[in-house]
Amino acid sequence: MKDESKWRYEIGELMLRFAEIEAAIWWCTRLLTIENAHENQRHQEFRRRCNYAINVAERSKITSSTRKAIISGINEAIRLAEMRNLVAHNPISLNIDSLFEDDEPSYEIRSYRNQEKAVELEDLKSTVLEV
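Position 121 of the sequence shown, counted from 1, bears residue number 275 in the numbering used here, the numbering being contiguous throughout.
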């Protein structure tokens, strides 16, 4: 496959950076809660952990600007999770349309569940820069 090493690099970068986001959200809830309620969140799906963190930030005695920054960052993480999930749960495959439209075939990651969701290497690179 052409550009296989580039795909592998960008996928790895996305996964590592997203792991940092998940850790930051966990630490945020840990630092903002007195009780150990954050411990119950470790096994919840990402969206639930994010909603919990937003709830904790909304109830915390922190400055308004800090609260807004935390909530904004978590909402951005929720948005980026869609790309992370697409990449994590689907393989790189030949873009069939490229056989008919381009001079040479290209590759993509396309969702098995929703065929409308797909990412090409350049889109993946852009997302990695956002994370």
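Simulated from the structure, these hints should not be mistaken for lab results.
Ideal placement from N, C-alpha and C gives every residue a C-beta, glycine not left out.
Please note that a few of the clues may not be correct.
[What the hints assert, rightly or not] Each pair of labels, with its calculated beta carbon distance range:
1. 157 <-> 212: 22 to 30 Å
2. 253 <-> 219: 48 to 56 Å
3. 209 <-> 253: 44 to 52 Å
Inset, instruction - If any of the earlier hints don't hold here, list their numbers in rising order. - result: Going through the list in order, the structure violates hint 1 alone and respects the others.
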